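Enquirer: Sequence:
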Amino acid sequence: ITPQTAWELGLSEYEFASRILLELSRPATTAAGYNSIQFDDEFIRNLLYRNFFDPYEREYANGNSRWDVINLARAAHDLRPDGIVWPKDASGSPIFRLGALARANGIAHESAHDALSDIRATIAVARMIRIKQPKLYDWYFSHRRRESLKPLIDLPARKMLLHTASEYTSSLGCTTLVAPVGMDPANRNQLIAIDLRYDPVELLDLTVEEIRQRVFAKADQRVDPRVPLSRIRLNQCPYLAPEKTLDGASALRLRTEADCGFRRAYAAPRYGRS
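Position in the sequence shown (first residue = 1) + 5 = the working numbering.
Careful: at least some of the hints might be erroneous.
Derived Cβ-Cβ restraints for the label pairs, each shown as a range [stated by the list, open to error]:
1) Glu152 to Gln43: 15 to 25 angstroms
2) Val90 to Thr174: 56 to 66 angstroms
3) Asp210 to Leu121: 47 to 57 angstroms
In short, the hints are calculated from the structure, not lab data.
Given the structure is predicted, the values throughout are model-derived calculations rather than measurements.
Don't be surprised by glycine CBs; every beta carbon is placed ideally from N, CA and C.
Input sequences plus hints: build the corresponding full structure.
Expert: See below:
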């Protein structure tokens, strides 16, 4: 597309942003995509902001919400994989790219990163998971808002939760047990939790400053190992579920032991004392 063609047939950015906002602001709708919360939504927010629109309102006002199918796929792979073909790379790690997942399951995806092709493939992948694993699908969709996630969090009891996220990705999957330890005082939508793949005992004797250094230091400047703390943003559609969702087969695949996690979670209340 040449600048001349864009000038003749295109829209100004303001009008373009207006039309996008009109579509995404339809009352009682959910805007869903594939890796959209980490990628597409950030571009949309920036576009709206620089054209003097509220960058956030369309995500929650008038009964609206947003959702991300990539975390649905990750959770299905880790917790309820039956009935779906899961592609892997040469090292045996799962591949969650939309095109690879679509092709492995016979879903047409003619042109990766073409908007219409991506939309059709995303709908088809979501529909497939809903058919094959309806309970998991319904759980995640009904817990897409922070208001539905907060009742799952029991800080006094440090009740374990399953959390699925890209930060845990390994050859085994993307899900781990976590123990909530507190809400971020600077961000009421952010839960701080301990990744129970690691023993939290090593945190207990660290000062706040020592923990801060381990969390925020760059990898090439870090002397000690990074502490196993996760920041879970409740307004970004994280996949959270009760520990009982982890059945025996899933625990074996993920090499996650609920009993070991419970013992580690029980140690977590001492966390933060210095």
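Enquirer: Compare the structure with each hint and give your call.
Expert: Do the hints match the structure? See the list:
1. For the pair Glu152 and Gln43, the supplied restraint of 15 to 25 angstroms holds, since their beta-carbon distance comes to about 21 angstroms.
2. As the Cβ distance of Val90 to Thr174 is approximately 19 angstroms, the hint placing it in 56 to 66 angstroms is violated.
3. A beta carbon spacing of about 56 angstroms between Asp210 and Leu121 agrees with the range 47 to 57 angstroms that was offered as a hint.
The structure shown violates just one earlier hint, number 2.
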